[in-house]
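There are 4 protein chains.
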Amino acid sequence: MKIGIVGATGYGGVELFRLLSSHPSIQSISLYSSSQAGENVNETYSHLNTMQDQLQPLEPEHMKEELDVIFLATPAGVSSELTPNLIGKKAKVIDLSGDLRLPSQEVYTQWYKKEAAPESVLQRAIYGLPEWNKEAIKAAKIIANPGCFPTAALLGLGPLVNERLLDPNRIIIDAKTGVSGAGKNPSAITHFAHTQENLQIYKVNQHQHIPEIEQQLTIWNEAVSPVTFSTHLIPMTRGIMATMYGELTKDVSAQQMHDCYQAYYGEHPFIRVRKQGQYPSTKDVYASNYCDMAASIDERTQRVTIVSVIDNLMKGAASQAVQNMNLVMGIEETTGLLHVPVYP
Amino acid sequence: MKIGIVGATGYGGVELFRLLSSHPSIQSISLYSSSQAGENVNETYSHLNTMQDQLQPLEPEHMKEELDVIFLATPAGVSSELTPNLIGKKAKVIDLSGDLRLPSQEVYTQWYKKEAAPESVLQRAIYGLPEWNKEAIKAAKIIANPGCFPTAALLGLGPLVNERLLDPNRIIIDAKTGVSGAGKNPSAITHFAHTQENLQIYKVNQHQHIPEIEQQLTIWNEAVSPVTFSTHLIPMTRGIMATMYGELTKDVSAQQMHDCYQAYYGEHPFIRVRKQGQYPSTKDVYASNYCDMAASIDERTQRVTIVSVIDNLMKGAASQAVQNMNLVMGIEETTGLLHVPVYP
Amino acid sequence: MKIGIVGATGYGGVELFRLLSSHPSIQSISLYSSSQAGENVNETYSHLNTMQDQLQPLEPEHMKEELDVIFLATPAGVSSELTPNLIGKKAKVIDLSGDLRLPSQEVYTQWYKKEAAPESVLQRAIYGLPEWNKEAIKAAKIIANPGCFPTAALLGLGPLVNERLLDPNRIIIDAKTGVSGAGKNPSAITHFAHTQENLQIYKVNQHQHIPEIEQQLTIWNEAVSPVTFSTHLIPMTRGIMATMYGELTKDVSAQQMHDCYQAYYGEHPFIRVRKQGQYPSTKDVYASNYCDMAASIDERTQRVTIVSVIDNLMKGAASQAVQNMNLVMGIEETTGLLHVPVYP
Amino acid sequence: MKIGIVGATGYGGVELFRLLSSHPSIQSISLYSSSQAGENVNETYSHLNTMQDQLQPLEPEHMKEELDVIFLATPAGVSSELTPNLIGKKAKVIDLSGDLRLPSQEVYTQWYKKEAAPESVLQRAIYGLPEWNKEAIKAAKIIANPGCFPTAALLGLGPLVNERLLDPNRIIIDAKTGVSGAGKNPSAITHFAHTQENLQIYKVNQHQHIPEIEQQLTIWNEAVSPVTFSTHLIPMTRGIMATMYGELTKDVSAQQMHDCYQAYYGEHPFIRVRKQGQYPSTKDVYASNYCDMAASIDERTQRVTIVSVIDNLMKGAASQAVQNMNLVMGIEETTGLLHVPVYP
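If you're matching them up, the sequences are chains A, B, C and D in order. Residue numbers for the first sequence follow full-length UniProt numbering, beginning at 1 and rising by one. Residue numbers for the second sequence follow full-length UniProt numbering, beginning at 1 and rising by one. Residue numbers for the third sequence follow full-length UniProt numbering, beginning at 1 and rising by one. Residue numbers for the fourth sequence follow full-length UniProt numbering, beginning at 1 and rising by one.
Calculated directly from the structure, the hints in this document are not laboratory data. All values reported here derive from a predicted model rather than from experimental measurement. Ideal placement from N, C-alpha and C gives every residue a C-beta, glycine not left out. Treat the hints loosely; a few may be bogus.
[What the hints assert, rightly or not] Example chain D residues on the side facing chain B (calculated, C-beta under 10 Å, incomplete):
| no. | residue |
| --- | --- |
| 1 | Ser180 |
| 2 | Ala182 |
| 3 | Gly183 |
| 4 | Lys184 |
| 5 | Ala188 |
| 6 | His191 |
| 7 | Phe192 |
| 8 | Ala193 |
| 9 | His194 |
| 10 | Gln196 |
| 11 | Pro235 |
| 12 | Thr237 |
| 13 | Ala254 |
| 14 | His258 |
| 15 | Tyr261 |
[Stated by the list, open to error] Straight-line Cα separation of at most 27 Å, DSS-like style, residue types lysine-lysine; simulated pairs:
| no. | chain 1 | residue 1 | chain 2 | residue 2 |
| --- | --- | --- | --- | --- |
| 16 | B | Lys275 | A | Lys250 |
| 17 | B | Lys184 | B | Lys138 |
| 18 | D | Lys2 | C | Lys203 |
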């Protein structure tokens with residue numbers, strides 16, 4: 001397989017490059033960058049010291065004929081313009097940005113404050129959450145790789161919402177993320193002296209991942225009303241934890257709830273449901289494609305607490321994109337992805 | 001004023017020592033430790049290098065006659081036994097542990113899994129949340145200094161619960177704390193290589209601070225039912241953020257809600273209510289006695305998100321204890337406490 | 001005393017503001033900023049939430065007549081231009097930048113790559129290392145506050161170099177600093193996701209603090225030749241450790257060396273020499289004006305290892321500037337500076 | 001190949017397990033633990049959640065006949081006793097502890113304060129620094145895997161010492177390590193609240209890795225006299241940087257020095273020598289087997305500064321052990337080790 005990565009110098013792009021470099025089915029990886037074409041990737045990333053890969057300028061005509069898969073690891077607004085020029089020939093497009101995840105142009109523009117992709121592209125884009133959408137992904141030409149927060153939240157909520165065990169009007173998601181989610185560009189809120197020994201909350205009920213979450217929840221249960229969603233910046237580089245609160249629609253025992261999760265995820269290699277009474281930490285999935293989760297019922301309140309953790313750059317971005325690539329290319333889903341998490 | 005600190009080698013004790021060392025009304029500070037009596041405090045704490053203070057053995061009879069204020073910065077279970085021997089003479093007792101905060105022996109034993117203090121002591125203990133209990137504190141002999149999580153949660157919830165603006169059956173508290181809250185003793189979950197780059201959730205709906213929170217909430221509104229409460233360990237040393245979710249009982253505008261907070265806290269020097277649309281970070285209050293807070297209404301859901309931050313060792317422990325000391329000794333409440341937060 | 005802080009929105013300026021806010025001899029503090037005049041300081045720093053201090057434009061004519069002390073906490077190159085307009089009247093100038101520390105214009109320009117201050121200003125500037133230069137400081141009109149690395153290195157080397165116990169041709173300084181030393185402006189090497197879990201070395205033998213160190217060393221022993229000096233960026237916000245290596249010029253016992261340090265520093269309130277066999281950590285002096293140090297002789301090699309730690313924003317910048325202010329204004333040297341270090 | 005890991009629940013053991021789990025030549029991995037036999041490895045390490053590997057009790061007789069390679073990832077003092085029982089049959093032993101690195105029993109006991117391994121074992125143990133000892137490793141039965149600090153220091157010093165370009169009497173090594181080097185057991189100096197925002201120096205000129213370093217240096221140049229060696233604990237989990245200072249024995253240009261390093265390491269896949277003027281950071285080699293290095297000559301002093309970085313748990317322990325396994329088993333040296341470093 002011949003692979004192209006557009007936006008190779010961002011965190012998502014360089015993580016894709018790391019994963020694909022050791023993927024056994026890859027024949028070649030081409031790196032593209034509109035702003036840094038001509039440079040070697042190791043000028044930006046000294047950990048790639050000995051890599052000789054040069055950043056190339058975008059050539060859509062050539063790319064769509066020569067490459068099997070094109071990953072777009074570009075900022076919001078870029079894929080909308082780029083994707084129409086990359087489809088129609090051999091290449092399949094996997095977009096890691098938020099541009100192709102919302103079928104409605106209006107909703108996109110409202111939350112992203114940018115012009116939406118063409119309707120024709122949006123209609124063909126398949127939402128790439130493999131544990132819930134595998135067959136559609138396998139047949140896709142364009143895959144919208146899920147956002148980091150939606151991946152953690154949806155995987156955790158899925159079984160209970162789909163079974164209609166959760167009150168659709170009272171879903172609260174308290175999300176926490178490592179700082180790498182903010183990307184490579186330095187800013188005041190990611191400046192070390194400001195971020196270290198600091199816990200910040202931001203975009204309260206205003207994060208652009210909210211419509212992406214709600215859209216999938218309403219697929220599972222059309223009665224779901226808007227969710228409460230807040231995001232916290234944790235002084236660490238990698239990891240997302242979504243702590244979610246809900247109310248049960250009927251009497252369910254702890255064992256039944258655990259069984260429900262097992263029934264949905266028992267066969268999915270990247271979901272690890274914890275034993276009752278145990279909760280995952282973000283480091284449990286560091287640098288891996290796993291999503292670890294647990295759900296418990298508080299006997300005093302009968303409310304449910306669901307905890308879901310991922311590595312935001314992996315299952316929340318690059319490794320999930322590779323999982324989608326495996327599916328769309330007809331390879332075994334776990335190929336090149338069974339890394340044991342890095343610990344400590 | 002002559003002061004004694006029992007349990008001076010714990011984090012609470014050493015922070016008290018730091019604050020009282022620069023307090024203008026203090027004549028002498030005596031440090032007590034049952035396990036390390038005879039040692040100099042700088043053998044445990046090298047940052048106190050030049051301090052010549054020796055740890056003394058406990059002498060309750062002498063202490064209660066000679067000291068004006070005795071701080072108990074001891075682990076759960078110790079104050080229950082110690083307090084009866086320290087009262088009845090001159091000394092006032094300010095207990096930083098959880099032993100005297102719950103009037104019901106049964107509730108204490110249920111959550112702390114220890115024997116409770118005598119009824120006679122519990123009945124005399126005043127809950128030391130100065131912004132809500134100032135007059136009782138001034139007249140107290142025994143003060144139960146609030147826990148770190150309850151301080152953050154209660155100060156944030158107080159105005160809305162007391163005004164009955166919050167649905168009493170749907171209060172959710174998602175708490176996050178720095179690691180110093182776990183104290184000085186090394187353990188697997190506070191081991192640096194484990195804690196760094198890690199976000200852990202623990203004691204979901206089982207934290208011993210839950211009854212303390214509920215007890216005060218029901219004072220404000222007797223209709224409050226059990227709360228949902230989860231605690232997260234953040235890879236930082238100091239700071240607590242409580243993110244709280246609730247539903248309004250009636251139509252309230254953002255401005256009205258902000259005015260409500262201002263009405264309650266406008267005259268309280270250590271509460272800083274943020275402008276609408278701004279949220280506090282934990283570093284905003286680092287090494288200070290401030291509690292910064294904000295509340296907002298999500299227009300899509302009409303639910304309220306309240307954010308409250310403190311330094312867990314300061315307003316969550318030692319500096320709040322000094323604030324209580326000031327009140328009970330008839331000194332200006334802010335004496336020795338108007339530190340500008342340490343930043344960056 | 002009426003005080004002005006120029007460059008009040010940098011880390012040095014805001015730390016000065018924190019210290020002076022609780023200094024008992026200060027009547028008023030005026031904050032100046034050329035770029036942010038008209039803003040309130042709390043727009044830049046949310047931890048100053050309730051402070052109502054407005055940033056003022058520079059008015060040198062007015063300032064030099066009305067203010068007792070003007071602190072310049074400005075980037076390199078600014079004080080050179082500003083100082084001539086601020087002297088000659090009542091105000092004393094304490095410059096925290098490197099502009100006035102090197103008497104030679106040529107040396108300054110070589111290392112700082114900027115135009116030097118006028119000769120007349122440089123000749124009047126007194127190097128503000130209080131433990132070694134107290135009398136000159138007391139009589140100064142202009143004080144060049146030492147750099148962070150020079151403070152740590154010189155205080156540690158002083159006794160042995162001044163006693164000519166150290167081979168003047170073989171002084172090696174391996175310096176380590178927290179990230180706040182790089183200032184408030186975000187950059188690639190202070191971006192959290194890059195800095196966390198990373199140890200970086202930079203400006204090897206090229207740091208602009210080198211001539212400042214060598215100049216003072218040659219005052220103590222004119223035979224001192226150029227030093228080896230490397231700087232490391234530690235993933236923490238505050239703190240400097242200088243680990244220094246040298247060779248003895250004659251046979252000295254460990255006890256004699258310790259006595260030598262005690263003889264020099266025993267009466268200096270901010271220097272804490274450790275017991276033999278103990279070494280200081282940076283957290284021992286966190287948020288304080290202390291410099292802790294230790295020196296040992298390796299029996300196998302007869303070489304000396306000297307360790308010196310400071311808080312780079314305090315003894316390495318703001319609190320040392322306040323110490324200089326106390327001296328130049330005839331106040332007790334320790335006024336407003338005896339903070340117990342913040343720990344943990 | 002059938003592999004056994006003794007001491008599988010320590011950081012070295014669990015890192016070996018991670019690497020070998022994705023090594024293409026491994027048929028089976030057996031985990032051994034004397035203290036935790038019978039438990040599943042995921043009871044200690046939740047990141048190994050789905051691994052079903054049970055910890056087995058040691059059975060030396062069986063192990064030495066059935067296993068191809070036995071890794072000993074045990075604390076100092078254990079391999080000394082264990083190794084004699086594991087040799088003589090099929091199994092090759094790779095010891096990650098310091099027990100077999102020092103041929104002299106007397107030197108071992110002096111630095112490790114423990115009883116040394118039998119002479120017969122020590123004489124057969126080959127020092128496993130592949131870049132310098134490849135042929136001997138290939139033929140070994142017992143491999144003493146180098147310590148973390150010696151690996152970083154020796155790889156950096158090797159070319160210049162072996163070429164006798166470095167004054168053998170003036171080698172200074174200022175080493176810095178992440179906290180995982182202290183292992184899995186919680187302690188006061190690795191307690192998060194103490195370690196975070198702290199830089200500690202320890203074992204100044206007393207670290208047990210000193211004789212290991214000197215022994216190899218004297219192999220390269222028998223004139224090398226004792227080195228100065230200090231170790232610093234950096235508030236990060238992984239990574240070692242050794243900053244080394246020396247004096248040239250003859251006039252060498254920067255280009256010649258760089259060429260010297262290239263001549264030694266150009267063909268070694270895991271050594272990456274930086275371009276002149278660039279220095280490596282520890283994160284450049286995170287979770288990889290690389291050792292990145294640079295050396296420069298200070299024109300002012302003619303002294304050399306050498307910087308060498310590794311991941312202490314990888315090239316400083318587990319991945320170097322796997323590199324040794326590859327060599328001793330006749331597999332391509334890089335098999336299972338060409339991980340791109342994890343960044344950010």
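Regarding the pair Lys2 (chain D) and Lys203 (chain C), is the alpha-carbon distance no greater than 27 Å?
-> violated, 49 Å
Minimum Cβ distance from Ala254 (chain D) to chain B below 10 Å?
-> Status violated, d = 37 Å.
Taking 10 Å as the limit, does the beta-carbon of Ala182 (chain D) come near enough to a beta-carbon in chain B?
-> Cβ of Ala182 (chain D) sits 8 Å from chain B, so the hint holds.
So, Thr237 (chain D) near chain B? Judge it on the closest CB pair being under 10 Å.
-> Holds - the Cβ of Thr237 (chain D) comes within 10 Å of chain B, reaching about 5 Å at its closest.
Regarding the hint that Phe192 (chain D) lies at the interface with chain B, is the smallest CB-CB distance below 10 Å?
-> Status holds, d = 4 Å.
Could you grab the alpha-carbon distance between Lys184 (chain B) and Lys138 (chain B) and see if it respects the 27 Å cut-off?
-> Roughly 32 Å between the alpha carbons, so the hint for Lys184 (chain B) and Lys138 (chain B) is violated.
Residue hint His194 (chain D), partner chain B, criterion CB-CB below 10 Å = His194 (chain D) check passes; min Cβ-Cβ to chain B is 8 Å, inside 10 Å.
Should the hint that Ala188 (chain D) touches chain B count as held when the rule is a Cβ pair under 10 Å?
-> Hint on Ala188 (chain D): holds, closest Cβ of chain B at ~6 Å, below 10 Å.
Using 10 Å as the Cβ threshold, decide whether Lys184 (chain D) counts as touching chain B.
-> Lys184 (chain D) check passes; min Cβ-Cβ to chain B is 7 Å, inside 10 Å.
Classify the hint on His191 (chain D) as holds or violated, based on whether any CB of chain B lies nearer than 10 Å to its CB.
-> At about 4 Å, which falls below the 10 Å cut-off, the nearest Cβ of chain B leaves the hint on His191 (chain D) intact, so it holds.
Satisfaction of the Gly183 (chain D) interface hint, Cβ to chain B closer than 10 Å = holds, 8 Å
Restraint check, 10 Å cut-off on beta carbons, for Pro235 (chain D) near chain B = Pro235 (chain D) check passes; min Cβ-Cβ to chain B is 7 Å, inside 10 Å.
Hints 13, 14, 15, 16, 17, 18 from the earlier list are contradicted by this structure; the remaining hints agree with it.
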